[in-house]
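So the sequence lines, in the order shown, correspond to chains A and B. Each residue of the first sequence is one higher than the one before, starting from 1 at the first, in the numbering used here. Each residue of the second sequence is one higher than the one before, starting from 1 at the first, in the numbering used here.
Note that these hints are calculated values from the structure, not bench results. Even glycine gets a Cβ: it sits at the ideal position worked out from N, Cα and C. Fair warning: there could be bad hints in the mix.
Stated by the list, open to error - The following label-pair restraints were derived from C-beta to C-beta distances:
| hint | chain 1 | residue 1 | chain 2 | residue 2 | range |
| --- | --- | --- | --- | --- | --- |
| 1 | A | Gly121 | B | Gln297 | 33 to 41 angstroms |
| 2 | B | Leu202 | A | Val4 | 53 to 61 angstroms |
| 3 | B | Thr325 | A | Thr114 | 49 to 57 angstroms |
| 4 | A | Leu61 | B | Glu295 | 29 to 37 angstroms |
| 5 | B | Ser255 | A | Ala54 | 19 to 27 angstroms |
| 6 | A | Ala179 | B | Ile31 | 53 to 61 angstroms |
| 7 | A | Ile77 | B | Gly100 | 54 to 62 angstroms |
| 8 | A | Gly119 | B | Ser255 | 16 to 24 angstroms |
| 9 | A | Ala179 | B | Gly253 | 31 to 39 angstroms |
| 10 | A | Thr114 | B | Val147 | 42 to 50 angstroms |
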Amino acid sequence: MAWVNAIIQGLLTGGLYALFACGLSLMFGVMKVVNLAHGDLAVVAGYLAVGVIAVTHMPVLWTIPVVIVLMAIIGYILQRSIIQGAISRGELTTLIVTFGLSIVIENGLQQFFTANSRGLGVGDSFITASFSIGSQIIVPYMNLGIFVLAVIVLLGLNQYLSSTKYGRLIRAVADDREAAQLSGADYRHVFGIAAAIAFGTVAIAGICEGMITTISPTIGTDTILLFAFASVVIGGLGSLWGTLLGGVVLGVAQAIGAQINPSWEQLAGYAVFLLVLVIRPQGLVSQGAQS
Amino acid sequence: MTENVITSPRSADFADVRVTRSRRSIWPSGIGALVLIIVLFAFPYYVGPGTTGIMVQGLIVLTLASMWNLLAGYAGLVSVGQQAFFGLGAYFVLIPAMHGVTPWAGLVIAAVGAAVCAVPLWWLVARLRLGYFAIATWVLASVVMLVIEQISSIGGGTGEPLPGLSGMQPAVLTAYTYWAALIVAVLAIGGVYLLLRSKIGLTLTAIRDDERAARSSGVRVGLARMGVFIAAAAGCGAAGGVLAIEQLQVVPGTSGGVFSVQWTAEMAFAVIIGGIGTIEGPILGTIVYMVLQQELQSYNAWYLIVLGAVAIAIALFARRGLWGTVVDRFNIRLFPVGYHLWAPGEGRRRKGPADAAP
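With the sequences and hints as input, model every part of the structure.
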């Protein structure tokens with residue numbers, strides 16, 4: 001029964017990893033930008049929530065929409081200024097700039113908020129409340145809620161990209177920037193909107209991480225970016241459902257590893273990542289002939 | 001370092017065309033480099049151990065920056081996981097030292113060991129390009145650290161002091177460490193210089209100019225990249241070994257330890273600021289890094305924040321870095337790895353291109 005419990009916990013954690021991954025996946029899919037500052041931006045969102053709570057004393061769940069809007073604005077501005085400038089100068093510059101941002105943000109956060117970790121309290125009752133299946137399987141409402149939220153976000157994003165006018169515009173620009181430009185779409189603005197959406201999901205991811213455990217300046221790269229990347233690689237690029245599957249596989253692998261030996265948690269996750277990288281580099285859910 | 005004529009004219013039309021490594025004679029810069037190395041070697045006799053200690057840190061970053069420049073600037077491999085080899089190098093000094101091998105000999109083991117470890121790691125990431133390659137190397141560095149931390153006999157997650165040097169006087173030890181760091185840095189830069197002047201250098205230039213054309217002309221792209229990855233791992237490993245000797249301990253971990261991404265940040269930023277794709281760039285970038293680090297050392301990590309911000313600005317607005325700007329204006333190359341084509345009748349004594357025109 002302990003194993004079943006571990007797998008269920010891992011599955012729920014996988015939802016959080018999918019949340020980490022979908023912004024990274026979206027920015028790569030649309031702008032071909034691998035945003036190395038992705039994880040640190042999620043941490044920024046977490047600290048923004050801390051700040052919003054400190055100023056307005058609103059409940060943590062209410063900060064989610066506020067921080068989403070703030071991060072979306074930051075995303076649009078960052079994309080239209082620094083990232084767009086880097087894209088037009090080549091992929092090497094894009095990597096250097098996002099890596100530079102990552103280091104600057106992480107160390108900046110350490111200077112202002114110290115290296116101590118802090119949590120986003122939701123109110124004790126919700127954190128600790130759980131229901132149990134049988135005698136040993138305990139499902140916290142919070143983890144279940146975050147998993148459901150992840151599915152809603154991915155579903156909404158999928159629906160938005162496939163069915164709305166603007167979503168189709170984003171996909172058109174992602175497919176062929178020049179052709180979209182010739183048809184009258186300003187690709188820079190579309191990139192900005194896509195970045196705003198990606199940063200919105202990053203905001204949700206950062207706050208969820210803060211609610212479920214704690215946030216500190218160093219988790220941006222050590223966990224969020226690397227777990228997000230592992231989820232994207234395991235799931236396969238270009239499919240949001242693949243991202244969810246990748247997150248779940250990573251979460252379950254980590255939970256099983258931790259069940260065997262608590263210090264193997266991360267190693268077990270990365271072992272699955274490396275296995276997929278070697279055996280099935282296109283990911284578990286591949287998009288046809290795309291390599 | 002002679003400026004030999006590389007190609008012989010093939011037809012009468014090109015009878016007057018000469019191709020040399022450099023427009024100017026490289027004798028002065030060659031002798032200058034030799035004098036500089038001798039002066040640097042004599043440093044511990046003139047300055048105190050405090051200054052020598054700072055120089056050791058600078059030489060470590062210089063070695064790392066030269067390696068990162070080789071990777072990103074010449075082979076297009078933007079690695080964010082070089083801390084893996086840096087850390088492995090530190091452990092390859094520590095582990096033999098725990099069995100009685102002197103840490104100075106351990107530096108050779110560090111370079112060779114890191115290079116050997118690079119082979120399977122290269123196999124894992126060889127297929128990936130640019131952004132994916134960057135994060136994948138980062139994940140690999142994390143995996144290497146997690147594996148090392150599992151081994152409790154070499155200190156596990158907390159680290160281990162380096163044995164074998166306790167008998168030495170502190171001042172003598174600092175001087176020896178400095179010389180070791182200097183030799184590693186000189187070998188690293190000299191190695192990059194010779195590598196780029198060899199056939200591999202030509203291959204890398206072909207790949208950089210047009211990878212597809214190079215591939216279809218029979219250039220073994222993958223092999224050249226693998227060679228560079230392994231060479232860079234060896235250099236980073238040796239630098240990690242020097243750090244182990246300098247700190248007299250090896251501490252793993254991502255914040256402050258040998259596996260911290262901060263090492264890769266420092267080497268990458270030094271390269272970008274100095275000028276990527278030139279051998280002189282990392283040297284200039286390391287000097288900028290040293291100045292910033294010394295000026296801002298009382299403000300914790302602020303030097304890294306400033307360094308990162310400057311690197312972003314240079315990547316966006318002066319892509320060729322400080323040295324690239326110098327080259328553009330004065331056409332100086334201290335380490336010529338390209339070629340200069342002399343127009344018929346153009347003499348070495350003539351000054352600008354305007355004089356050379358008939």
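Hints and how they fare:
no.: 1; hint: A:Gly121 to B:Gln297: 33 to 41 angstroms; in the structure: holds (37 angstroms)
no.: 2; hint: B:Leu202 to A:Val4: 53 to 61 angstroms; in the structure: holds (60 angstroms)
no.: 3; hint: B:Thr325 to A:Thr114: 49 to 57 angstroms; in the structure: violated (39 angstroms)
no.: 4; hint: A:Leu61 to B:Glu295: 29 to 37 angstroms; in the structure: violated (45 angstroms)
no.: 5; hint: B:Ser255 to A:Ala54: 19 to 27 angstroms; in the structure: holds (26 angstroms)
no.: 6; hint: A:Ala179 to B:Ile31: 53 to 61 angstroms; in the structure: holds (58 angstroms)
no.: 7; hint: A:Ile77 to B:Gly100: 54 to 62 angstroms; in the structure: holds (59 angstroms)
no.: 8; hint: A:Gly119 to B:Ser255: 16 to 24 angstroms; in the structure: holds (20 angstroms)
no.: 9; hint: A:Ala179 to B:Gly253: 31 to 39 angstroms; in the structure: violated (49 angstroms)
no.: 10; hint: A:Thr114 to B:Val147: 42 to 50 angstroms; in the structure: violated (30 angstroms)
Violated hints for the displayed structure, listed by number in ascending order: 3, 4, 9, 10.
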